[in-house]
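*Asks:* These protein sequence lines are chains A and B, in that order.
If you use numbering that gives the first Met the number 0, the first sequence corresponds to residues 0 to 121, in order.
If you use numbering that gives the first Met the number 0, the second sequence corresponds to residues 0 to 331, in order.
These are calculated hints, taken from the structure and not from any lab test.
The C-beta atom is built at its ideal place from N, Cα and C for all residues, glycine as well.
Mixed in with the good hints, there may be bad ones.
[What the hints assert, rightly or not] Once the Cα atoms are required to be at most 35 Å apart in a straight line, the calculated DSBU-like pairs of lysine-lysine come out as: (1) A:K27 with B:K292; (2) B:K213 with B:K248; (3) A:K119 with B:K213.
[What the hints assert, rightly or not] Label pairs and their in silico Cβ distance ranges: (4) A:G99 with B:V95: 21 to 31 Å; (5) A:L34 with B:I2: 42 to 52 Å; (6) B:T220 with A:I113: 58 to 68 Å; (7) A:H32 with B:K214: 17 to 27 Å; (8) A:D24 with B:L311: 18 to 28 Å; (9) A:G13 with B:K292: 34 to 44 Å; (10) A:L112 with B:Q82: 25 to 35 Å; (11) B:K23 with A:A78: 50 to 60 Å; (12) A:H32 with B:I2: 25 to 35 Å; (13) B:Q41 with A:F106: 20 to 30 Å; (14) A:L14 with B:G149: 19 to 29 Å; (15) B:K218 with A:L14: 11 to 21 Å; (16) B:Q82 with A:G13: 38 to 48 Å.
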Amino acid sequence: MIFIDFLLAFVIGGLICVIGQLLMDVGKLTPAHTLSTLVVAGSILAGLGWYQPLIDLAGAGATIPITSFGNALTTGAIAEAEKHGWVGVLTGMFEVTSSGISAAIVFGFIAALIFKPKGKVN
Amino acid sequence: MVIIFKTKPSIIACGAVAGPLEKKSVFYSYFDSVVEDERWNQKTNEQGHAMMIQEACNIIMKKANITNNLDIDFFLSGDLVNQMTPTNFAARELAVSFIGMFSACATSVSSAIVASLLTELGASKYAIAGSSSQHNSIERQFRYPVDYGGQKPETAQWTVTAAGYALIGKHDPKLPSIVAGTIGKVVDYGEVNPFHMGGAMAPAAFDTISSHLKKRNQKITDYDLIMTGDLGKIGLKILKAMFAQTGAKQEELDIFRDAGAEFYGEDKSFQSGASGAGCSASVYYSYIEQQLKTGRYKRVLLCATGALLSPLSFQQGQSIPCTAHAIEITME
Numbered sequence: 000m001i002f003i004d005f006l007l008a009f010v011i012g013g014l015i016c017v018i019g020q021l022l023m024d025v026g027k028l029t030p031a032h033t034l035s036t037l038v039v040a041g042s043i044l045a046g047l048g049w050y051q052p053l054i055d056l057a058g059a060g061a062t063i064p065i066t067s068f069g070n071a072l073t074t075g076a077i078a079e080a081e082k083h084g085w086v087g088v089l090t091g092m093f094e095v096t097s098s099g100i101s102a103a104i105v106f107g108f109i110a111a112l113i114f115k116p117k118g119k120v121n
Numbered sequence: 000m001v002i003i004f005k006t007k008p009s010i011i012a013c014g015a016v017a018g019p020l021e022k023k024s025v026f027y028s029y030f031d032s033v034v035e036d037e038r039w040n041q042k043t044n045e046q047g048h049a050m051m052i053q054e055a056c057n058i059i060m061k062k063a064n065i066t067n068n069l070d071i072d073f074f075l076s077g078d079l080v081n082q083m084t085p086t087n088f089a090a091r092e093l094a095v096s097f098i099g100m101f102s103a104c105a106t107s108v109s110s111a112i113v114a115s116l117l118t119e120l121g122a123s124k125y126a127i128a129g130s131s132s133q134h135n136s137i138e139r140q141f142r143y144p145v146d147y148g149g150q151k152p153e154t155a156q157w158t159v160t161a162a163g164y165a166l167i168g169k170h171d172p173k174l175p176s177i178v179a180g181t182i183g184k185v186v187d188y189g190e191v192n193p194f195h196m197g198g199a200m201a202p203a204a205f206d207t208i209s210s211h212l213k214k215r216n217q218k219i220t221d222y223d224l225i226m227t228g229d230l231g232k233i234g235l236k237i238l239k240a241m242f243a244q245t246g247a248k249q250e251e252l253d254i255f256r257d258a259g260a261e262f263y264g265e266d267k268s269f270q271s272g273a274s275g276a277g278c279s280a281s282v283y284y285s286y287i288e289q290q291l292k293t294g295r296y297k298r299v300l301l302c303a304t305g306a307l308l309s310p311l312s313f314q315q316g317q318s319i320p321c322t323a324h325a326i327e328i329t330m331e
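Given the sequences, and given the hints that come with them, work out the whole structure.
*Replies:* This is how it looks when you write it as structure tokens:
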């Protein structure tokens with residue numbers, strides 16, 4: 000049932016965002032702290048081997064939120080460590096995540112070239 | 000703390016200008032001009048901020064038929080940007096005797112107190128006093144750059160883009176006159192959240208208003224209006240609750256209003272209301288001055304509130320010290 004997949008993605012992804020909102024509203028964390036906390040949480044879950052089952056269950060509901068970035072960091076590090084030993088921990092972290100990081104830099108650069116930030120005027 | 004001005008310096012003319020979003024303000028029709036571009040057609044927000052101050056001063060001079068800058072004896076002004084460069088740069092263009100004043104958002108009144116003192120001394124014929132704020136540059140200074148798009152809680156307030164200035168000179172019985180002023184002390188109830196300024200500042204306003212009333216031997220009902228600067232909706236509630244605790248009745252509490260709480264009306268997208276050094280200044284030196292002139296109010300107490308924090312101090316976990324300064328204005 001494809002509908003169940005959509006529903007799970009919606010609910011799990013939404014719940015991750017609820018945690019983020021609670022960190023800001025109740026935990027009084029700044030947006031930057033909230034972001035880092037979720038990345039670290041994703042990374043720890045990946046280390047415990049719990050993030051992949053979450054992706055299998057929720058699909059994009061688990062891969063779109065920023066926790067997935069933490070997961071990618073850890074997963075990459077473990078995979079490369081198995082091949083190349085301890086150096087792999089360092090190289091592996093950015094092997095999987097390099098596309099995301101490069102995309103952020105390149106698109107950020109292009110956006111900064113084209114647009115001028117404006118406040119709310121109406 | 001209370002200063003009685005025996006010569007009753009008058010507010011000769013006022014100039015209030017605001018940015019494009021301020022068209023939504025309930026006080027919009029009282030402003031002298033509104034500019035369509037938030038940067039005042041300048042390259043940066045800060046340059047626009049300085050231009051806004053110059054424009055308010057030009058409006059004042061035009062209203063008072065002053066053609067030469069040199070007829071202005073003193074310019075007393077402040078803003079919230081680091082080292083107050085917008086005010087300093089505007090003062091460079093005005094080229095008159097100038098002291099930069101910082102009481103955060105209470106500068107609208109602290110500058111008027113100093114201007115009144117200089118007038119009372121006979122040292123000044125014309126002094127321009129006031130303050131201003133520009134949304135983008137102040138949000139970047141104290142919270143996040145506007146383009147970062149950080150979320151705000153409902154206690155947060157919206158920094159206005161506005162400037163309000165008053166020309167203070169010798170007593171004129173046909174004009175609103177400053178009869179007394181109270182310089183507030185710094186009060187700190189331990190609030191650490193920079194998104195809850197109203198709550199932090201309410202005790203300072205309470206302290207200044209109570210001492211003003213006590214030293215002047217007045218009751219709340221001696222005033223037609225007691226208007227605080229930028230406590231916002233939540234801060235105003237806290238202030239009223241503090242006065243209610245001292246036994247103030249509902250009809251007395253109704254005399255209290257707050258410029259920030261009313262500024263954007265009931266629009267929820269501005270959370271608890273407006274704030275910024277330009278908030279109280281633009282309301283006091285447009286709407287309030289005009290209401291006094293028409294005779295709707297005979298005696299008002301304007302109590303501008305200021306949060307004396309820096310971005311560094313709250314990142315280091317320090318609480319927010321607050322102050323409030325008040326002037327009593329009458330119309331004969």
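*Asks:* Against this structure, judge whether each hint is valid.
*Replies:* Hint by hint, here is what the structure shows:
1. A:K27 with B:K292: violated, 46 Å
2. B:K213 with B:K248: Status holds; Cα separation ~17 Å.
3. A:K119 with B:K213: violated, 43 Å
4. A:G99 with B:V95: 21 to 31 Å: violated, 56 Å
5. A:L34 with B:I2: 42 to 52 Å: Holds - the Cβ-Cβ distance for A:L34 and B:I2, about 50 Å, lies within 42 to 52 Å.
6. B:T220 with A:I113: 58 to 68 Å: holds, 60 Å
7. A:H32 with B:K214: 17 to 27 Å: violated, 46 Å
8. A:D24 with B:L311: 18 to 28 Å: holds, 25 Å
9. A:G13 with B:K292: 34 to 44 Å: This hint is violated: roughly 56 Å between Cβ atoms.
10. A:L112 with B:Q82: 25 to 35 Å: holds, 31 Å
11. B:K23 with A:A78: 50 to 60 Å: holds, 54 Å
12. A:H32 with B:I2: 25 to 35 Å: Hint violated: Cβ distance 46 Å, outside 25 to 35 Å.
13. B:Q41 with A:F106: 20 to 30 Å: Given range 20 to 30 Å: holds, Cβ gap about 29 Å.
14. A:L14 with B:G149: 19 to 29 Å: holds, 22 Å
15. B:K218 with A:L14: 11 to 21 Å: violated, 56 Å
16. B:Q82 with A:G13: 38 to 48 Å: With Cβ atoms ~45 Å apart, the hint holds.
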